[in-house]
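Enquirer: These protein sequence lines map, in sequence, to chains G and A.
Be aware that the first sequence starts at 100, since it is given in our numbering, and climbs by one per residue.
Be aware that the second sequence starts at 1142, since it is given in our numbering, and climbs by one per residue.
Do not rely on the hints blindly, as some may be mistaken.
[As the list claims (entries may be wrong)] Result set (EDC-like, lysine to aspartate or glutamate): computed pairs, CA atoms no more than 20 angstroms apart in a straight line:
1) G:K201 x A:E1241
2) G:K201 x A:D1239
3) G:K167 x A:E1241
4) A:K1148 x G:D138
5) G:K201 x A:E1199
6) A:K1206 x A:D1228
7) G:K100 x A:E1199
8) G:K141 x A:D1152
9) G:K201 x A:E1195
These are calculated hints, taken from the structure and not from any lab test.
Note that the structure is predicted; figures quoted are calculated from it, not measured.
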Amino acid sequence: KQEVTQIPAALSVPEGENLVLNCSFTDSAIYNLQWFRQDPGKGLTSLLLIQSSQREQTSGRLNASLDKSSGRSTLYIAASQPGDSATYLCAVSPLRAGNNRKLIWGLGTSLAVNP
Amino acid sequence: SAVISQKPSRDICQRGTSLTIQCQVDSQVTMMFWYRQQPGQSLTLIATANQGSEATYESGFVIDKFPISRPNLTFSTLTVSNMSPEDSSIYLCSVSRDTEAFFGQGTRLTVV
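Here chain G stands alone, though its shape is the one from the complex (with noise of 0.2 angstroms):
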C-alpha cells in the first residue's frame, strides 16, 4: 500500500533562507508526483508536476526532484519570501491500470517566513 510522508512537518525560517522540503512515498511504482501550495482554509494550487521519467522541474524559484528508485522528491524554495508562508503538499499519482488519477498524499508541510 502506497505511503506518502512529508518531513518536516512545520518548518519556520527567517526570510531569504534556501530551504528544502521532503516527501519520500514507500512504492516506486507511480505515475507522476505533484507539488501543491495551500493557503489557509483555502484551495490548492498546482506547483510542480514530475513524471516519473523526469528528474527534476523548475519553475522560478522553485525546484522539484524526484528520485523513484529511493522513494524521494524534495522541493526547494531560494531565497524564500513572507508570501511563501503556506501548507505544502505532496502527493503521488500510482501506476494502477485504470487508476492512475487516484491521488496518495502526504500531510504536508507548514511553511511559515518570517520578515
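Assemble the complex: chain G is given as a structure, and chain A must be docked to it using the hints.
Expert: Here is chain A on its own, set in the frame of chain G:
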C-alpha cells in the same frame, strides 16, 4: 491548465440541514473528484464523478450522505446531507488534465 470555480467559498450551517456545493470547470473533463479535508488533516477522496453514470465512492463514504450529480462534462455538485458538526471541513473539487491535478478554491463548511 484548468480553471475551476467552486461555490460557495464558505458557509455556516445548522445541524440536520444539507448543503450543495457546485463545481464548474472551464472546459470538458471526463472525471471530476470530490475531496474532504478535515481540520489539520490532509485530503481524503470522497468520490469520483463521471458524466452519465453514478459516482464511485471511496471506503467510508456513501451516496445517501454525499449525493453527487454530474449532469455534463463541465459541472458537478456535491451535497453534504443531514449535517453534523463532524462534517465541518473544507470540501474540494478537482479535475485532472494531462495527468496534472487542479483544484477549486474549496468550500469551508462549519456545522453548528
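Enquirer: Give a verdict on every hint.
Expert: Hints, one by one, checked against the model:
no.: 1; hint: G:K201 x A:E1241; in the structure: holds, 11 angstroms
no.: 2; hint: G:K201 x A:D1239; in the structure: holds, 14 angstroms
no.: 3; hint: G:K167 x A:E1241; in the structure: holds, 18 angstroms
no.: 4; hint: A:K1148 x G:D138; in the structure: holds, 18 angstroms
no.: 5; hint: G:K201 x A:E1199; in the structure: holds, 11 angstroms
no.: 6; hint: A:K1206 x A:D1228; in the structure: holds, 10 angstroms
no.: 7; hint: G:K100 x A:E1199; in the structure: holds, 16 angstroms
no.: 8; hint: G:K141 x A:D1152; in the structure: holds, 13 angstroms
no.: 9; hint: G:K201 x A:E1195; in the structure: holds, 17 angstroms
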